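Undergrad: Chain by chain, the residues:
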Amino acid sequence: MPVLEKSGAQVWRRRTQGQSLLRWFGWLIGVAVFLLCWQRISETTTWFFVWDAPRIAEDIWTRATPPRWEYITQLGRPIWDTLNIATLGTIIALFLAVPVAFLAARNTTPSAWLIRPIALLIIVSTRSINSLIWALLLIAIIGPGVFAGVIAIAIRSIGFCAKLLYEAIEEIDQTQVEAITATGASRWQVMAYGIVPQILPAFAGIAVFRWDINIRESTVLGLVGAGGIGLQLSSSLNVLAWPQVSLILLVILAAVVISEWVSAKVRGAII
Amino acid sequence: MMHRELDDMLGTRWRKPHFVTNPALRWALIVGFVAYLIAAVLTIEVDWGRVYEGLDRGWQFILAFTAPDFISRAGDIWEGLLESIVMTVAASVVGILISIPIGLGAARNIAPLPVYVICRAIVAISRALQEIIVAILLVAIFGFGPLAGFLTLSFATIGFLSKLLAEDIEAMDRVQAEAIKASGAKWMQWINYGVQPQVMPRLIGLSMYRIDINFRESAILGLVGAGGIGATLNTAFDRYEYDTAAAILILIIGIVMALEYLSGVIRARVQ
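Chain order of the listed sequences is Y and X. Following our numbering, the numbering of the first sequence begins with 13 at its first residue and continues without gaps. Following our numbering, the numbering of the second sequence begins with -2 at its first residue and continues without gaps.
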């Protein structure tokens, strides 16, 4: 027990001298790194704009309120597109994620040395790149529009869904699989009756969860030209039509809240 | 009664029980969903000619991954990447520091009702607004540059971390906290010795996870002028320099993988 001598008496303390020195040194480095980072940010900042910020913020606020409510009539189609991007993207992603997940799970992969790393690479690379970047890339390839948005969302979601799904597959109860195998079932029958029923609740949960995230992401895809309500947002921003911007932001907020509510309800019903 | 039912079932084939037991509701759901899907697919305008033309470019992009060009734009890539990392570090530190008091305030078993409501409101606002939208507004207010990105990421971190921290505190073991209180601890001591040890492992794990997310998000903030590698990436796409874009994407994937590995190691150590 580390103790401290204090006028003859021993007082309890949490760490020994060496430990506290090490911790102190760790903190020192941490603070130094942070200050270095802050300095770099500060160097590239025009501080005049920052001091002016409250006035600008107030200016934008007065311009943006009240929202231009009648503009909502033009938002019907963009909202429909946004919903479609999220839903179709999620469905395509799920179709692609299921095989990837089965190839990536340790207990179902055909080859742990060759195929599993490839599946994991697909998962990591699709997951670590944001849907906006996928959209940017797809727009360069297949042109702007809703279709690019759908594909971007689909690709982005593969990794996420496949990762959660393969973790669920690895956690299944092996005895059930064995029981099905013992009845003389073929490989596919084992899959259908031994594995699938066990991961179906997880699968449904993942699907709804990802759909909720995709609604959020698809609202901003339009900023790079991939369709949906973001397109209206970016054009309103470009012409500095702040009342329209504030209305669109309110609509996006409502969409996010509703989708989160729906997803929570559905997940509550399933699990 | 039970036997009669079982006797009736003898000799009939086993059928899977349906997920939704009410047949009318089940069919309504299926038909509604299919109708929606048809409507959704029909309203997506796909210019197949354009897509066909794009396939060639897509193939070129995939080829570019085999020969990424790190050299010719090395300066820009390095600048952008460094800015992304700087923003990530600074925003994570500030975000985590701010989210701890807010997380404490948003836990119902610690905070009094008025504090709870205010903190929950902050969390809700931060979570409902996507990073990119916050970034647009902050760029409009503070001007272009990494400061806007830093503020965006800090704000997003607060929503994410405070919510999860508050949930963790609400689920903590009351007995330990009670014991500390019974020893006559002041409020600060109570938090420090009764609450903090219980939530610390999860807080560290979540913080690592958030650093990972912050880096990924910092890669897109450049699209709206909030600093980071996104601007470089956008330029590379706009100029059809796929080899440079591939190099940047490979770097992002590499850093995300490294961060994920690191966070895995740290989480395994603290738990």
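Since the hints were derived computationally from the structure, they do not count as laboratory data. Keep in mind the model is a prediction, meaning the values are calculated, not measured. There's no promise every hint is true.
What the hints assert, rightly or not - Pairwise CB distance ranges, derived in the manner of DEER restraints: (1) X:Met254 - Y:Ala44: 23 to 29 Å; (2) Y:Tyr205 - X:Gly55: 38 to 44 Å; (3) X:Gln193 - Y:Thr74: 18 to 24 Å; (4) Y:Gln188 - X:Val262: 45 to 51 Å; (5) X:Tyr190 - Y:Thr28: 25 to 31 Å; (6) X:Tyr190 - Y:Glu179: 53 to 59 Å; (7) Y:Trp81 - X:Ser69: 48 to 54 Å; (8) X:Ala179 - Y:Thr74: 36 to 42 Å; (9) Y:Pro111 - X:Lys178: 30 to 36 Å; (10) X:Ile59 - Y:Ala194: 26 to 32 Å; (11) Y:Gln188 - X:Ser69: 22 to 28 Å; (12) X:Ile115 - Y:Ala194: 26 to 32 Å; (13) X:Ala168 - Y:Trp73: 46 to 52 Å; (14) X:Arg171 - Y:Trp50: 24 to 30 Å.
We put the CB at the ideal spot given by N, CA and C, even for glycine.
Undergrad: State for each hint whether it applies.
TA: Here is what the structure says about each hint:
At about 27 Å, the CB distance of X:Met254 to Y:Ala44 agrees with the hint of 23 to 29 Å. Y:Tyr205 and X:Gly55 have their C-beta atoms about 39 Å apart, which keeps the hinted 38 to 44 Å range intact. Between X:Gln193 and Y:Thr74 the beta carbon distance is about 44 Å. The supplied range of 18 to 24 Å is therefore violated. Distance hint check: the CB atoms of Y:Gln188 and X:Val262 are about 33 Å apart, inconsistent with the given range 45 to 51 Å.
X:Tyr190 and Y:Thr28 have their C-beta atoms about 19 Å apart, which leaves the hinted 25 to 31 Å range violated. Roughly 35 Å separates the CB atoms of X:Tyr190 and Y:Glu179, a value that falls outside the hinted 53 to 59 Å. Take Y:Trp81 and X:Ser69: their Cβ atoms lie about 51 Å apart, and the range 48 to 54 Å holds. Distance hint for X:Ala179 and Y:Thr74: a CB-CB separation of about 55 Å, inconsistent with the stated range 36 to 42 Å.
Distance hint check: the CB atoms of Y:Pro111 and X:Lys178 are about 54 Å apart, inconsistent with the given range 30 to 36 Å. Between X:Ile59 and Y:Ala194, the C-beta spacing of about 45 Å breaks the proposed range 26 to 32 Å. At about 56 Å, the beta-carbon gap between Y:Gln188 and X:Ser69 misses the expected band of 22 to 28 Å. Look at X:Ile115 against Y:Ala194: about 60 Å separates their beta carbons, and that is not inside 26 to 32 Å.
The hint said 46 to 52 Å for the Cβ distance between X:Ala168 and Y:Trp73, and at roughly 39 Å that hint is violated. Range check, X:Arg171 to Y:Trp50: Cβ separation about 39 Å, and the 24 to 30 Å hint is violated.
Taken one by one, the earlier hints fail for this structure at numbers 3, 4, 5, 6, 8, 9, 10, 11, 12, 13 and 14, listed in ascending order.
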